[in-house]
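**Student:** Next come the chains, spelled out residue by residue.
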Amino acid sequence: MDIRVINIHNNSEKERISQFLINQNLKYGNDIEYTIALFEEKQIIGTGSISGKVLKCIAVDESKQREGIAAKIVSRLVKKQFENGRTKNFLFTSPDKIDQFTGLGFRLLSVAEPIYALLEMGMDDIDQYLHVLKKYQKTDSIAKIISTLIINANPFTLGHQFLVKKASTESDIVYLFVVREDKSLFPFETRFSLIEEGCRSFDNVKVIDGGDYIISSATFPTYFTRESEKEIVSGQATLDANIFINYIAPTLKINRRYVGNEPYCGTTSIYNQVLKKVFPSAGIEIKEVPRFELDGKAVSASSVRELIKNLKINETQKLLPSSTYRFLISKEANPIIRKIIASNSRH
Amino acid sequence: MKDQVNIGQAGTLESSDVLVFVRFSPQQKGIKIDLESPSEKCFGKMILKSIEDVLNDLGIWNIYIKVHDRGALDCTIRARVETAVKRAQKNKGEQEE
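Chains as they are written, first to last, in the working numbering: chain A, 1 to 347; chain B, 1 to 97.
The shape of chain A in the complex, shown without the other chains (with noise of 0.2 Å):
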């Protein structure tokens, strides 16, 4: 039995890799990094993968179930990723494997049947995390309307204020979560500082770093590309929206959430439609804003970038409070603006 790394660039290796996935119900995606596989007298009988800091596609031939065969996989996975600095890993896989690794060490942190499970080990779990909000919490025992907003923010516009601004009259207290995962053209820290100061007046809303646990690239990574099959990123969505209800919203004791509606984009269209279907059943009441308009447009983050990206930074002006525009014409924004230019990414 030996273990080889898997030259994911070779078609025919590739093509054997998912032909052995196949038949176990799982699908090779093309955002895998790193691939490796156990042969036995030259036959596949195991195989795992990485994508970023998720692992998957982790899968042993049905005769070799119950001989260490999954531990061997994910050890060696796990040892890579500790290579490239990561001490903490996700695990996706479909729910029937679940218990496999449970078996392993790994926490079951959400399902979505009958397609997606996701799984975590190592550091930084999802208490730490929690333990973190905790700070955050406002001890307002006659609070009766506690809502939550989580904004990705490619830049805060007056559309994100307007929906901050509706949320903060009609909540005691708002969590803002902020999408961290630096997918996005504005960076985590730039979007972070632009929501803060374009929510300063309003001052029963806190905007907390979302992590690892909320809209990121291990519960929602449709949400980052471009478009994908309705059911995987409703899938997904469930996964997400089930961590938000199971863990997020019991800590800070969250009874609202707010979210635009979205007429443009796809998949956060899915997500809205998954959270009307959950959240009620969870004693989250989901509260759809229609988007903020301007001249009987939709103001929008995409609308931003697209106006920055034919150089037209000048009537962003009026789709920007105040604080983003500023930055926009600063010094900083210089390397930003170059990068929109150059792109034609979604995010």
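For the record, the hints were derived by calculation from the structure and aren't laboratory data. Just so it is clear, CB atoms sit at the ideal spot from N, CA and C, and this is done for glycine as well. The reader is advised that the hints may include incorrect statements.
Stated by the list, open to error - Selected chain A positions facing chain B (in silico; Cβ < 10 Å): (1) V74; (2) F82; (3) F106; (4) R107; (5) L108; (6) M123; (7) D127; (8) G296; (9) K297; (10) A298; (11) S302.
Claimed, not checked - Some chain B residues well away from chain A (every beta-carbon gap over 10 Å; in silico): (12) L13; (13) L19; (14) I31; (15) K41; (16) L73; (17) T83.
Chain A is already provided as a structure; the job is to place chain B on it using the hints.
**Tutor:** Just chain B, lined up with the frame of chain A:
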């Protein structure tokens, strides 16, 4: 150099082994050990004691350790912890995450 984060890892998730992650960071005050073990109820305290012994021998007072035990013998746990710590100390000078 003082502000640096240093990480180390040793072991595997295979049966009768243990996987250990350690991290030195300026934010970490004191010793923090997270243990994940199938025999946590029976042997949790013993395992923690062994880890604390190893740290004490190495003169370490500030560290975060995450242990994924798969039913390892005491001597295995001690050896893995020591190796992970020494690897983290050796990593000093390389910037992590």
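**Student:** For every hint, state whether the structure bears it out.
**Tutor:** For each hint, the structure was consulted:
For V74 (chain A), the interface hint holds, the least distance from its beta-carbon to any beta-carbon of chain B being 6 Å, beneath 10 Å. Below 10 Å, beta-carbon pairs count as interface contacts, and F82 (chain A) has one with chain B at about 4 Å; its hint therefore holds. For the restraint placing F106 (chain A) at the interface with chain B, the shortest Cβ-Cβ distance is roughly 9 Å, inside the 10 Å limit, so the hint holds. Using the Cβ-Cβ criterion of 10 Å, the hint placing R107 (chain A) at the interface with chain B is satisfied: the shortest such distance is roughly 8 Å.
For L108 (chain A), the suggested interface contact is broken, since its CB lies about 13 Å from the closest CB of chain B, more than 10 Å. Proximity of M123 (chain A) to chain B holds as hinted, the smallest CB-CB distance being about 5 Å (cut-off 10 Å). Restraint check, D127 (chain A) versus chain B: the minimum CB separation of about 9 Å is within 10 Å; hint holds. Taken as an interface hint, G296 (chain A) does not check out: its beta carbon lies about 47 Å from the nearest beta carbon of chain B, beyond 10 Å.
Against a cut-off of 10 Å between C-beta atoms, the interface hint on K297 (chain A) is violated, since the closest Cβ of chain B lies about 42 Å away. The interface hint given for A298 (chain A) is violated, since its Cβ lies 38 Å from the closest Cβ of chain B, which is over the 10 Å cut-off. Against a cut-off of 10 Å between C-beta atoms, the interface hint on S302 (chain A) is violated, since the closest Cβ of chain B lies about 31 Å away. Against chain A, the non-interface label of L13 (chain B) is violated: not every CB pair exceeds 10 Å, the least being about 5 Å.
Under the 10 Å C-beta cut-off, the non-interface status given to L19 (chain B) relative to chain A is violated; the minimum distance is some 7 Å. Non-interface status of I31 (chain B) relative to chain A is upheld: no Cβ of that chain comes within 10 Å, the nearest being about 14 Å off. Non-interface status of K41 (chain B) relative to chain A is upheld: no Cβ of that chain comes within 10 Å, the nearest being about 15 Å off. Separation of L73 (chain B) from chain A is adequate, the least Cβ-Cβ distance of about 17 Å exceeding the 10 Å criterion.
The Cβ of T83 (chain B) lies farther than 10 Å from every Cβ of chain A, with a closest approach of about 13 Å, so its non-interface assignment holds.
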